[in-house]
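One-letter residues, chain by chain:
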Amino acid sequence: MSEILNVQNAKERIDRIEDILASVAAGDMDARIQSDIEDDFSGIEAAIDLLINDLTEELRQREKMQKELENKLSKIQEQQKTILQQQEDLLELSSPVSKVWDNILILPVIGTLDSQRTQVMMENLLQKIVDTGCTISILDITGVPTVDTQVANHLFKTVTAARLLGAECIISGISPAIAQTIVHLGIDLSSIRTKATLQDAMIFAMKQNRRADEIRTLSNLAMPNDNVD
Amino acid sequence: MHDKLAIQLQSQILEEIAKTRAKGVLIDISVLEMVDSFIGRMLSGMASMAAIMDTSVVIVGMQPAVAITLVELGLEMPGVDTALNMEKGMEMLERRLNTRKQDFQ
Chain D
486 MSEILNVQNA KERIDRIEDI LASVAAGDMD ARIQSDIEDD FSGIEAAIDL LINDLTEELR
546 QREKMQKELE NKLSKIQEQQ KTILQQQEDL LELSSPVSKV WDNILILPVI GTLDSQRTQV
606 MMENLLQKIV DTGCTISILD ITGVPTVDTQ VANHLFKTVT AARLLGAECI ISGISPAIAQ
666 TIVHLGIDLS SIRTKATLQD AMIFAMKQNR RADEIRTLSN LAMPNDNVD
Chain L
14 MHDKLAIQLQ SQILEEIAKT RAKGVLIDIS VLEMVDSFIG RMLSGMASMA AIMDTSVVIV
74 GMQPAVAITL VELGLEMPGV DTALNMEKGM EMLERRLNTR KQDFQ
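Going down the list, the sequences are from chains D and L. The numbering used here applies: residue 486 is where the first sequence begins, and numbers increase by one. The numbering used here applies: residue 14 is where the second sequence begins, and numbers increase by one.
Rather than coming from a laboratory, the hints here were simulated on the basis of the structure. Keep in mind it's a predicted model, so treat the numbers as computed, not measured. Any given hint could turn out to be false.
[Stated by the list, open to error] Using 25 Å as the maximum straight-line C-alpha spacing, the simulated SDA-like pairs for lysine to any residue come out as follows:
{"#": "1", "chain 1": "D", "residue 1": "Lys-613", "chain 2": "L", "residue 2": "Gly-87"}
{"#": "2", "chain 1": "L", "residue 1": "Lys-36", "chain 2": "L", "residue 2": "Ala-64"}
{"#": "3", "chain 1": "L", "residue 1": "Lys-36", "chain 2": "L", "residue 2": "Gly-58"}
{"#": "4", "chain 1": "L", "residue 1": "Lys-101", "chain 2": "D", "residue 2": "Arg-602"}
{"#": "5", "chain 1": "D", "residue 1": "Lys-642", "chain 2": "L", "residue 2": "Asp-41"}
{"#": "6", "chain 1": "D", "residue 1": "Lys-613", "chain 2": "L", "residue 2": "Glu-104"}
{"#": "7", "chain 1": "L", "residue 1": "Lys-36", "chain 2": "L", "residue 2": "Gly-87"}
{"#": "8", "chain 1": "L", "residue 1": "Lys-101", "chain 2": "D", "residue 2": "Glu-608"}
{"#": "9", "chain 1": "D", "residue 1": "Lys-642", "chain 2": "L", "residue 2": "Lys-32"}
{"#": "10", "chain 1": "D", "residue 1": "Lys-680", "chain 2": "D", "residue 2": "Arg-602"}
{"#": "11", "chain 1": "D", "residue 1": "Lys-642", "chain 2": "L", "residue 2": "Glu-107"}
{"#": "12", "chain 1": "D", "residue 1": "Lys-692", "chain 2": "L", "residue 2": "Asp-94"}
{"#": "13", "chain 1": "D", "residue 1": "Lys-613", "chain 2": "L", "residue 2": "Leu-86"}
{"#": "14", "chain 1": "L", "residue 1": "Lys-17", "chain 2": "L", "residue 2": "Glu-29"}
{"#": "15", "chain 1": "D", "residue 1": "Lys-613", "chain 2": "L", "residue 2": "Ala-64"}
{"#": "16", "chain 1": "D", "residue 1": "Lys-692", "chain 2": "D", "residue 2": "Ser-704"}
[Stated by the list, open to error] Okay, the calculated beta carbon distance ranges per label pair:
{"#": "17", "chain 1": "D", "residue 1": "Gln-570", "chain 2": "L", "residue 2": "Ser-50", "range": "35 to 41 Å"}
{"#": "18", "chain 1": "D", "residue 1": "Gln-551", "chain 2": "L", "residue 2": "Ser-50", "range": "58 to 64 Å"}
{"#": "19", "chain 1": "D", "residue 1": "Leu-576", "chain 2": "L", "residue 2": "Arg-34", "range": "23 to 29 Å"}
{"#": "20", "chain 1": "D", "residue 1": "Glu-573", "chain 2": "L", "residue 2": "Ser-50", "range": "31 to 37 Å"}
{"#": "21", "chain 1": "L", "residue 1": "Ser-50", "chain 2": "D", "residue 2": "Arg-701", "range": "52 to 58 Å"}
{"#": "22", "chain 1": "L", "residue 1": "Asp-116", "chain 2": "D", "residue 2": "Arg-701", "range": "37 to 43 Å"}
{"#": "23", "chain 1": "D", "residue 1": "Leu-576", "chain 2": "L", "residue 2": "Lys-114", "range": "31 to 37 Å"}
{"#": "24", "chain 1": "D", "residue 1": "Lys-584", "chain 2": "L", "residue 2": "Met-103", "range": "20 to 26 Å"}
{"#": "25", "chain 1": "L", "residue 1": "Glu-85", "chain 2": "D", "residue 2": "Ser-660", "range": "23 to 29 Å"}
{"#": "26", "chain 1": "D", "residue 1": "Thr-634", "chain 2": "L", "residue 2": "Arg-34", "range": "46 to 52 Å"}
{"#": "27", "chain 1": "D", "residue 1": "Lys-560", "chain 2": "L", "residue 2": "Gly-87", "range": "45 to 51 Å"}
{"#": "28", "chain 1": "L", "residue 1": "Gln-25", "chain 2": "D", "residue 2": "Asp-574", "range": "31 to 37 Å"}
Heads up, the beta-carbon is just placed ideally off N, CA and C, and yes, glycines get one too.
Make a model of the complete structure from these sequences and hints.
The structure is reproduced here in structure tokens:
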């Protein structure tokens, strides 16, 4: 036997449901049916309200997460900018060349060397050699744990280029790991002068200076200005 | 520096050496901002030719960029004397000429 449905104001209430659903679809998060009537239809109305609740709650959460992600993204972008700037600064500050003595330059290198940094160092040192006219330079890599083949190559090029300019470049503070890399590369070791410690390198450099002065004095004695003939 | 100019320079220098019977030559390349393999070979060739003519050659004023290029090209010019500047170059030449004098004593 079919039941008789008890529904008051059916037409109105059906219209209302349609309106509310349309509002929610249009974006009104607060639209609810909220019927006061208690009959066979109120079950559906309540269920629809609950559904709208869940839906709008989902949407709110999603909006919140979106905003959080956007905030995080812009923060990360800021940090990236700072990192890039600091990297540039580091590159400039990282390897200063100083003239420690008459005719002697020192380039103390600290930290990991990458190809770019080594290239910058090399150009820096060579320019300093030309600017100061120092014939002896010491490249101290005590603070460098390892190098890759590219960097080892750059170091070798630096020494050779310095010689082409008319100066000598001594490498000091080579670690066992770096020594291995250099040998594996097959670099001609006879062309690089190396010293175990910075101290040894300094002593050698100063001896060279003294020797050069002695030669200069001897040379002047042996050839007083009589070559005008 | 064009290739033709370089070759011209080479022969000019050698002729001057012969004419003046110069015992030493200072080649100042401080105006050279960059070189290619041709110039590189020409420079080291010039030094060798002068050496055969019993003339000492010292190259001075090389710029860092040029040095780097030569190294990368593998043109390390062994046996070619270089000096950082004119002053040091002259000193070097004088020392060479000094040892030469001993040849004739």
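So, going through the hints one by one against the coordinates:
no.	hint	in the structure
1	D/Lys-613 with L/Gly-87	23 Å, holds
2	L/Lys-36 with L/Ala-64	10 Å, holds
3	L/Lys-36 with L/Gly-58	18 Å, holds
4	L/Lys-101 with D/Arg-602	31 Å, violated
5	D/Lys-642 with L/Asp-41	23 Å, holds
6	D/Lys-613 with L/Glu-104	21 Å, holds
7	L/Lys-36 with L/Gly-87	29 Å, violated
8	L/Lys-101 with D/Glu-608	22 Å, holds
9	D/Lys-642 with L/Lys-32	39 Å, violated
10	D/Lys-680 with D/Arg-602	23 Å, holds
11	D/Lys-642 with L/Glu-107	30 Å, violated
12	D/Lys-692 with L/Asp-94	21 Å, holds
13	D/Lys-613 with L/Leu-86	23 Å, holds
14	L/Lys-17 with L/Glu-29	18 Å, holds
15	D/Lys-613 with L/Ala-64	31 Å, violated
16	D/Lys-692 with D/Ser-704	18 Å, holds
17	D/Gln-570 with L/Ser-50: 35 to 41 Å	39 Å, holds
18	D/Gln-551 with L/Ser-50: 58 to 64 Å	59 Å, holds
19	D/Leu-576 with L/Arg-34: 23 to 29 Å	53 Å, violated
20	D/Glu-573 with L/Ser-50: 31 to 37 Å	34 Å, holds
21	L/Ser-50 with D/Arg-701: 52 to 58 Å	36 Å, violated
22	L/Asp-116 with D/Arg-701: 37 to 43 Å	21 Å, violated
23	D/Leu-576 with L/Lys-114: 31 to 37 Å	51 Å, violated
24	D/Lys-584 with L/Met-103: 20 to 26 Å	23 Å, holds
25	L/Glu-85 with D/Ser-660: 23 to 29 Å	26 Å, holds
26	D/Thr-634 with L/Arg-34: 46 to 52 Å	50 Å, holds
27	D/Lys-560 with L/Gly-87: 45 to 51 Å	50 Å, holds
28	L/Gln-25 with D/Asp-574: 31 to 37 Å	50 Å, violated
Hint compliance for this structure: hints 4, 7, 9, 11, 15, 19, 21, 22, 23, 28 are broken, all remaining hints hold.
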